[in-house]
Amino acid sequence: MNVMKGRLFHILVPVISVLLGLLIGGIIMLVSNYDPIQAYSALIGGIFGNGYNIGETIRAASPLILSGLAVAFAFRTGLFNIGVEGQLLVGWLASVYVGIHFDLPKIIHLPLAVIAGALAGALWGVLPGILKARFKVHEVITTIMMNYIALYVTNAIIRAYMLAPGERTKDIKESASLASPWLQQMTDFSRLHYGILVALIGALFMWFVLWKTTTGYELRAVGFNQHASQYAGISVSKNIILAMAISGAFAGAAGTMEGLGTYQYMTINNAFTGVGFDGIAVSLLGANGSIGIIVAALLFGGLKIGALTMQSTAGVPTELIGIVIALIIFFVASSYLIRWLTNRFTKGGKI
Amino acid sequence: MKKRTGVLLSLALAAGTLLSACGKDEGGGSNEGGKKDAFKVAMVTDTGGVDDKSFNQSAWEGLQKFGKDNHLKKGTDFKYLQSTSASDYAPNLNSLVREKFDLVYGIGFLMAEDIKKVAKQQPNAHLALVDMVVPEKNVASITFKEHEGSFLVGLIAGMQTKSNKVGFVGGVDSELIKKFENGFKAGVKTANPKAEIFVQYAGDFNKAEKGQAIANTFYGKGADIIYHAAGGTGKGVFTEAKNRSKNGKKVWVIGVDRDQYEEGLPEDVTLTSMVKRVDTAVDQVSRDTKDGKFPGGKVVEFGLNEDGVGIAPHKQNVTKEALAKVDEYKKKIQDGSVTVPKTDKEFKKFEADMKK
Chain A
1 MNVMKGRLFH
11 ILVPVISVLL
21 GLLIGGIIML
31 VSNYDPIQAY
41 SALIGGIFGN
51 GYNIGETIRA
61 ASPLILSGLA
71 VAFAFRTGLF
81 NIGVEGQLLV
91 GWLASVYVGI
101 HFDLPKIIHL
111 PLAVIAGALA
121 GALWGVLPGI
131 LKARFKVHEV
141 ITTIMMNYIA
151 LYVTNAIIRA
161 YMLAPGERTK
171 DIKESASLAS
181 PWLQQMTDFS
191 RLHYGILVAL
201 IGALFMWFVL
211 WKTTTGYELR
221 AVGFNQHASQ
231 YAGISVSKNI
241 ILAMAISGAF
251 AGAAGTMEGL
261 GTYQYMTINN
271 AFTGVGFDGI
281 AVSLLGANGS
291 IGIIVAALLF
301 GGLKIGALTM
311 QSTAGVPTEL
321 IGIVIALIIF
331 FVASSYLIRW
341 LTNRFTKGGK
351 I
Chain B
352 MKKRTGVLLS
362 LALAAGTLLS
372 ACGKDEGGGS
382 NEGGKKDAFK
392 VAMVTDTGGV
402 DDKSFNQSAW
412 EGLQKFGKDN
422 HLKKGTDFKY
432 LQSTSASDYA
442 PNLNSLVREK
452 FDLVYGIGFL
462 MAEDIKKVAK
472 QQPNAHLALV
482 DMVVPEKNVA
492 SITFKEHEGS
502 FLVGLIAGMQ
512 TKSNKVGFVG
522 GVDSELIKKF
532 ENGFKAGVKT
542 ANPKAEIFVQ
552 YAGDFNKAEK
562 GQAIANTFYG
572 KGADIIYHAA
582 GGTGKGVFTE
592 AKNRSKNGKK
602 VWVIGVDRDQ
612 YEEGLPEDVT
622 LTSMVKRVDT
632 AVDQVSRDTK
642 DGKFPGGKVV
652 EFGLNEDGVG
662 IAPHKQNVTK
672 EALAKVDEYK
682 KKIQDGSVTV
692 PKTDKEFKKF
702 EADMKK
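These protein sequence lines map, in sequence, to chains A and B. Counting from 1, one number per residue, gives the positions in the first sequence under our numbering. Counting from 352, one number per residue, gives the positions in the second sequence under our numbering.
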């Protein structure tokens with residue numbers, strides 16, 4: 001009974017949060033003189049309406065799955081990796097670099113480019129990991145700062161060595177591309193690419209490592225209680241560094257989704273892409289589990305793509321979806337409140 | 352447990368009915384009433400949005416003017432879609448094409464790649480791109496003769512400098528910004544052959560502090576007028592000019608893209624601005640397309656002749672003599688007796704010809 005309750009609650013909190021977010025979003029629309037029914041039907045049409053929209057939704061979800069996994073993996077070891085954004089940027093650049101400058105058959109080139117992106121992300125994640133393990137520097141501070149370093153370093157490298165007309169790098173070679181004419185044709189020329197497979201493999205990998213290996217057990221143990229783990233003979237430092245490396249590798253792989261899939265090049269970014277930060281929300285909504293993260297990423301990807309149609313056919317600004325997403329996060333974060341309320345309802349006051 | 356789910360479910364249901372009840376009061380959405388035969392035109396902004404006080408805003412003003420002149424309905428016959436990130440460009444362009452808009456604009460060269468892809472996938476769509484050339488037969492490329500407008504503000508700078516030293520701050524060293532630089536240099540040299548011109552590129556369009564540092568150097572070396580073609584970096588040039596003016600040393604800035612008079616207040620340091628009439632261009636191309644003369648596959652250049660570039664309407668800081676000179680050369684450029692250089696090579700030739 002108790003187990004059931006816990007599991008049900010885990011599913012209920014995100015679902016209620018999403019519903020509440022949409023509901024309050026609708027009220028905000030009403031107050032601002034938009035028609036929420038029309039807006040939400042446009043939104044749904046913008047997610048499932050035709051092949052193009054479905055393709056774009058999955059396309060937008062692929063990097064979100066990986067950035068969500070990155071946040072979740074670190075969180076399982078008790079770390080807040082706020083640096084997914086920066087790890088994503090270096091991963092993006094590394095994959096594009098390999099995509100442009102290597103000449104290999106596709107079967108080697110494409111995996112190599114993805115691995116290069118993941119390795120670059122891992123490197124970017126390991127640095128805060130080492131600082132945390134060795135010098136107890138809080139990872140929130142260092143990962144946030146590493147974001148800015150990543151943003152400006154990648155921009156400077158593109159400007160100095162890889163610049164093509166239009167403030168970007170050259171296109172990657174066909175042999176490194178995740179894009180698939182077949183998938184694009186099927187979805188009416190959306191930018192859907194094979195990256196979704198990489199993301200799903202990533203999700204499987206996280207589940208396997210965390211729950212089916214000794215390493216995963218140690219990582220989770222450190223996440224639950226560092227002191228107890230140390231007493232049990234688990235090396236806390238080693239696990240912190242390892243967790244940050246794997247987390248960074250997920251983030252770097254998210255960057256390859258953009259570099260090898262959606263864009264096929266890297267632009268000079270004036271600001272963060274937001275995909276890394278959205279990963280925090282995805283992981284929170286997905287309760288740090290593989291399946292939850294896939295569902296949450298699809299939801300957020302859908303909201304973002306659907307928002308474009310909502311803007312186009314119902315005239316509702318895309319910012320409103322930003323508000324809805326923020327509300328959903330707010331409600332998930334305040335799940336304690338929901339827990340308390342449901343307990344009130346069901347147990348008549350007894351906690 | 353059943354009871355709890357029941358409560359929650361009914362909560363959700365109640366919420367749903369509440370929502371739908373509210374929705375009904377609202378009535379008639381903006382989606383109705385658009386007739387099929389009306390000409391429909393739309394634009395996709397870059398991440399700046401239509402209130403960026405620059406490019407996108409200007410383009411939207413042009414589209415609104417076109418819509419008003421032709422009695423089109425905002426939202427159905429003409430509208431804009433805002434992009435929240437670079438990955439939104441393609442879906443936005445695509446959705447407008449799918450909604451059967453007769454003409455779709457992409458504002459800014461950042462959209463070039465996406466316009467190209469959409470143009471290839473949708474051969475029947477009519478697309479237009481501002482500030483970059485995409486050689487596809489269903490894309491109209493709109494560019495501006497920035498060198499001509501820069502030449503005019505160069506004349507003013509050459510006439511009004513007291514120290515015979517002026518500066519040019521560029522954003523990123525590129526073909527586009529070189530047009531500004533060389534036009535400006537040619538203008539200064541024409542009006543004042545003795546003038547010395549400092550040139551520096553910030554390497555960034557969005558680094559106000561870098562613009563300020565360069566302006567500090569230029570003013571320190573004795574320049575009294577600086578022309579910036581550096582977007583957000585130019586804000587720093589204004590800051591530095593205002594600081595110096597506050598301390599009693601009057602220096603000037605020449606603005607770019609739109610009338611930057613307000614940028615120079617309250618110390619009033621904006622001498623004039625080189626304006627790029629994106630609104631005129633958008634209005635003009637929309638008109639042509641409506642009349643069945645869509646300039647697909649062509650590069651439509653807007654220069655002085657087309658009223659696409661020029662000096663800003665705020666003219667109180669410009670002397671009468673300088674304005675006379677501007678008018679004189681405007682005519683000469685228009686009738687072809689003066690050709691303004693675009694590239695470094697052309698400028699060298701221009702300078703050599705001048706000395707003859």
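Source of the hints: derived by calculation from the structure; they are not laboratory data. Where hints are given, some of them may not hold.
Stated by the list, open to error - In silico DSS-like cross-links for lysine-lysine, where the CA-CA straight-line distance does not exceed 27 Å:
id, chain 1, residue 1, chain 2, residue 2
1, B, K700, B, K676
2, A, K170, B, K649
3, A, K173, B, K488
4, B, K471, A, K106
5, B, K516, B, K666
6, B, K681, B, K706
7, A, K173, B, K471
8, B, K676, B, K419
9, B, K666, B, K404
10, A, K170, B, K488
11, B, K601, B, K572
12, B, K488, A, K106
13, B, K683, B, K707
14, B, K540, A, K173
15, B, K540, B, K513
16, B, K471, A, K170
17, A, K173, B, K666
18, B, K467, B, K601
19, A, K170, B, K468
20, B, K641, A, K170
21, B, K558, A, K170
22, B, K467, A, K106
23, B, K572, B, K597
Since we're looking at a predicted model, the values are computed, not measured.
Now for the hints, and whether the structure bears them out:
At most 27 Å may separate the alpha-carbon atoms for a hinted pair to count; B:K700 and B:K676 meet this at roughly 22 Å. Note on A:K170 and B:K649: the hinted pairing holds, with a Cα-Cα distance of about 25 Å set against a maximum of 27 Å. A distance of roughly 26 Å separates the Cα atoms of A:K173 and B:K488; the hinted pair therefore holds under the 27 Å criterion. Restraint check for B:K471 and A:K106: the C-alpha separation of about 25 Å stays at or below 27 Å, so the hint holds.
Between B:K516 and B:K666 the alpha-carbon distance is near 22 Å, which keeps this suggested pair within the 27 Å criterion. Between the alpha carbons of B:K681 and B:K706 the distance comes to roughly 21 Å, so the proposed pair stays at or under 27 Å and holds. A hinted pair counts as satisfied when its Cα atoms are at most 27 Å apart, and A:K173 with B:K471 qualifies at roughly 20 Å. In summary, the hint linking B:K676 to B:K419 is not supported, as the alpha carbons are separated by about 36 Å, beyond the 27 Å threshold.
With a C-alpha separation of about 20 Å, the suggested pairing of B:K666 with B:K404 holds against the 27 Å cut-off. Restraint check for A:K170 and B:K488: the C-alpha separation of about 23 Å stays at or below 27 Å, so the hint holds. Straight-line distance between C-alpha atoms of B:K601 and B:K572 comes to about 14 Å, which keeps the hinted pair within the 27 Å bound. Note on B:K488 and A:K106: the hinted pairing is violated, with a Cα-Cα distance of about 32 Å set against a maximum of 27 Å.
At roughly 19 Å between alpha-carbon atoms, B:K683 and B:K707 fall within 27 Å of each other, so this suggested pair holds. For the hint linking B:K540 to A:K173, the alpha-carbon distance of about 47 Å lies beyond 27 Å, and the restraint is violated. Between the alpha carbons of B:K540 and B:K513 the distance comes to roughly 14 Å, so the proposed pair stays at or under 27 Å and holds. Taken as a hint, the B:K471 and A:K170 pair is honoured in the structure, with Cα atoms around 19 Å apart against an allowance of 27 Å.
As the CA atoms of A:K173 and B:K666 are separated by approximately 52 Å, the hinted pair breaks the 27 Å bound. Note on B:K467 and B:K601: the hinted pairing is violated, with a Cα-Cα distance of about 48 Å set against a maximum of 27 Å. The straight-line distance between the Cα atoms of A:K170 and B:K468 is roughly 15 Å, inside the 27 Å bound, and the hint therefore holds. Between B:K641 and A:K170 the CA atoms are separated by roughly 36 Å; this puts the pair beyond 27 Å, and the hint is violated.
Distance restraint check for B:K558 and A:K170: the Cα-Cα separation of roughly 25 Å lies within the 27 Å cut-off, and the hinted pair is therefore satisfied. Taken as a hint, the B:K467 and A:K106 pair is honoured in the structure, with Cα atoms around 25 Å apart against an allowance of 27 Å. Taking the CA atoms of B:K572 and B:K597, the gap is about 19 Å. The hint holds against a cut of 27 Å.
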